[in-house]
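Novice: So the chains spell out like this:
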Amino acid sequence: MDITLFLQQFLNGLSIGSVYAIFALGYTLVYSILGIINLAHGAIFTLGAYFTYALVGGRFGFNGLLANAALPVQLPFALALILGSILAGLVGVMVERVAFLPLRQRGSDPLLTVVSSLGVAVVIVNLIQYLVGAESYTYPANTYGNLPPAINFGTEANPIPIRTVQVVIFVVSMVFVAILSYFISRTKYGKAMQAIAEDATTASLLGINCDRFIILTFFISSFLAGVAGTLVASSVSIAGPYFGIGFGLRGLAVIVLGGLGSIPGAVLGGLVIGLVEAFVPAEYSGYKDAVAFSILFIMLLVRPQGLLGRQVIQKV
Amino acid sequence: MKQTITRTTAFLASCTLLLTACGGSNTGTNTSINTGTNTATNTSTTSISGPIPIGIAFAQTSNVALLGQEGVAGAKIAEKYFNDQGGINGTKIKLVFQDAGGDEAGAINAFQTLINKDKVVGIVGPTLSQQAFSADPIAERAKVPVIGASNTAKGVPEIGDYIARVSAPVSVVAPNSVKAALKQNPNIKKVAVFYAQNDAFNKSETEIFQKTVKDQGLELVTVQKFQTTDTDFQAQATNALNLKPDLIIISGLAADGGNLVRQLRELGYKGAIIGGNGLNTSNVLSVCKALCDGVMIAQAYSPEHPGEINAAFRKAYVEQYKKEPPQFSAQAFTAVQVYVEALKALDKKTKITTLPVDKLRTELNKQILAGKYNTPIGEISFTPEGEIVQKDFYVAQIKMEKNGNNGKFAFLK
Chain V
-16 MDITLFLQQF
-6 LNGLSIGSVY
4 AIFALGYTLV
14 YSILGIINLA
24 HGAIFTLGAY
34 FTYALVGGRF
44 GFNGLLANAA
54 LPVQLPFALA
64 LILGSILAGL
74 VGVMVERVAF
84 LPLRQRGSDP
94 LLTVVSSLGV
104 AVVIVNLIQY
114 LVGAESYTYP
124 ANTYGNLPPA
134 INFGTEANPI
144 PIRTVQVVIF
154 VVSMVFVAIL
164 SYFISRTKYG
174 KAMQAIAEDA
184 TTASLLGINC
194 DRFIILTFFI
204 SSFLAGVAGT
214 LVASSVSIAG
224 PYFGIGFGLR
234 GLAVIVLGGL
244 GSIPGAVLGG
254 LVIGLVEAFV
264 PAEYSGYKDA
274 VAFSILFIML
284 LVRPQGLLGR
294 QVIQKV
Chain L
6 MKQTITRTTA
16 FLASCTLLLT
26 ACGGSNTGTN
36 TSINTGTNTA
46 TNTSTTSISG
56 PIPIGIAFAQ
66 TSNVALLGQE
76 GVAGAKIAEK
86 YFNDQGGING
96 TKIKLVFQDA
106 GGDEAGAINA
116 FQTLINKDKV
126 VGIVGPTLSQ
136 QAFSADPIAE
146 RAKVPVIGAS
156 NTAKGVPEIG
166 DYIARVSAPV
176 SVVAPNSVKA
186 ALKQNPNIKK
196 VAVFYAQNDA
206 FNKSETEIFQ
216 KTVKDQGLEL
226 VTVQKFQTTD
236 TDFQAQATNA
246 LNLKPDLIII
256 SGLAADGGNL
266 VRQLRELGYK
276 GAIIGGNGLN
286 TSNVLSVCKA
296 LCDGVMIAQA
306 YSPEHPGEIN
316 AAFRKAYVEQ
326 YKKEPPQFSA
336 QAFTAVQVYV
346 EALKALDKKT
356 KITTLPVDKL
366 RTELNKQILA
376 GKYNTPIGEI
386 SFTPEGEIVQ
396 KDFYVAQIKM
406 EKNGNNGKFA
416 FLK
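Protein sequence lines correspond, in order, to chains V and L.
Residues -16 to 299 (my numbering) make up the first sequence, in order.
Residues 6 to 418 (my numbering) make up the second sequence, in order.
With the rest of the complex left out, here is chain V (with noise of 0.2 angstroms):
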């Protein structure tokens, strides 16, 4: 591979890598605090994308019931994803007070939350095709505005020529990354999410109300996965109502890699998978999802606590 053709994928794999991030970090926080996989947060990272798509075209789509329903307002983009991620994130708090509030009041198993987000996801999912129907989505030409359509990172005679909208997906992510670092780690609210994280019972005898913070959690994720869906759909079109399935499969490996639970390593986790995908030769793109969880399977082997988990300590 020339040196050329190797930037170029490096590029690529920077840009999906920032996605798997974002999406992860989502599927990490819940678990952080709930010690459970939520698997309707694919089902969300579609539903991010539909609603920055409605709010940027000021309409639903051309099919399913919303057919030509028109919205008031039409938002340049920026304004369409932070508020289109918003919505993603409510539809995430109210999937946590549906479908694992009553389980947990319960104190059933966490097998069955997963299985009951599983059963979200679904419902989700065929809710939005009977919504907008099954068809592709595209964001309007103008999304970026004047930006030219590809950035050449190499000279005029080795072009390595990137679609800018990858580049905006790198930037944007790093920036949610950053933000959501920041507020975990410096802030009042994010120690006290890591206080519950660490022990929820302690957390709760200092006064901390955690049931408001599994709120809160919930809805950062589902914001994360708003803003992933809206990312990946303004580079490729929303695929369809199980646009977000493969990703949130996805994220799984990428957590398992990162390390379960960690903010740094769900990072760097999604970087890996990207760069990985990347440089799988083009004629065995196909076969990308088997090497991203062939990785994960090598890791749960060799290091069953990921890239950046702590390992768990057993004291009898």
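You may find that some hints are simply not true.
Said to hold, decoys possible - What follows is a list of derived Cβ distance ranges for each label pair:
1) Tyr127(V) / Lys216(L): 55 to 61 angstroms
2) Glu224(L) / Tyr113(V): 56 to 62 angstroms
3) Leu248(L) / Leu94(V): 25 to 31 angstroms
4) Ala50(V) / Gly376(L): 29 to 35 angstroms
5) Asp397(L) / Tyr127(V): 41 to 47 angstroms
6) Ala161(V) / Lys216(L): 27 to 33 angstroms
Unchecked claim - What the simulated footprint calls covered on chain L by chain V, stretch by stretch (three residues with Cβ under 8 angstroms from a Cβ of chain V suffice, anywhere in the stretch; the number is not a length):
7) 224 to 234
8) 265 to 279
Quick caveat, the hints were computed from the structure, so don't treat them as lab data.
Remember, predicted model here, so these are calculated numbers, not experimental data.
Ideal Cβ placement from N, Cα and C applies to all residues, glycine included.
Given chain V, work out where chain L should sit, using these hints.
Specialist: Just chain L now, kept in the frame of chain V:
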């Protein structure tokens, strides 16, 4: 405990993904999935009283429902048109619709219901070639005529004596777009080909495109593969663009093909692009929007085709759907027309309402293959195997409006 559950979940999810991947791929093997339970018993010895039932087995649900619905629209227009014209020498036709879904099992169920329960005289369908390879043998065993209206893969008419099609094979249609691209730009030398390797139809279509490229004396600089489920084509696109092709040919479906067009254009490719039959739908326009502009696609139908029957079909379609009729609608109309005209010819020889259904089906099949028809897709007839002999083909070029939201297939002269 936390970690055990998570790892179990991750493991199960991985297995699910791998199983889904295995199940979702179209291997292209044309093996029938009949296991002996699909016995289409055909003991219809009574004759038909009332309207003549013709079965329509298109996908009305699943991911190919958009194609199936185009077929349904064409068939419904044909039913009204021919009944208004007096039907079969005074006897009306009645189309019986069964949802064939997007898979082999759905097509088999639809065929069995149409043959055994609805006692149709013939069937139009199914939507996909892959479905035809499984469902058509059932009709063949029951001696029920089938006319494929959207099956373009190699080998469909050869399934049996009762199987014909009005959808010209891709080997006949596809090369026209390459010739049209060369007519527009005779300086084309280097060609890059992309195809979806997990789809049987696209694999067979790309072979025809690659052969055409070589036959035209062009240089095939690269063949890039992708999956119909892919969304990111950066790697394949940059690989091909580094070889500086003058023409790119894509065999894929609307979503992946449209995305590939978009990413090629965004990466600066300015040359000609040809899309295969999978991109022959207006659904592709919403994927690549303004960047679809200029893509060429070979067609077996043009709304501008001269002739009285196409004018009537086009008028009825435009009045009802407020847009130009797509190819699949025209071909579905044509399939119903073939049944109507064959039944009319047969009725003149022997009154069809006096024939037992099984005898009627056999005679009808012979008549279908013997006839010549002037249809919306032009003058057609059939080879003894049931393959369509079609006179006119077209190439359309996508023309998008400036806002990038709307566009149309403009037919090249």
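Novice: So, for every hint listed, does it hold in this structure?
Specialist: Hints, one by one, checked against the model:
no., hint, in the structure
1, Tyr127(V) / Lys216(L): 55 to 61 angstroms, "violated, 40 angstroms"
2, Glu224(L) / Tyr113(V): 56 to 62 angstroms, "violated, 49 angstroms"
3, Leu248(L) / Leu94(V): 25 to 31 angstroms, "violated, 52 angstroms"
4, Ala50(V) / Gly376(L): 29 to 35 angstroms, "violated, 41 angstroms"
5, Asp397(L) / Tyr127(V): 41 to 47 angstroms, "holds, 43 angstroms"
6, Ala161(V) / Lys216(L): 27 to 33 angstroms, "violated, 54 angstroms"
7, 224 to 234, "holds (count 5)"
8, 265 to 279, "holds (count 6)"
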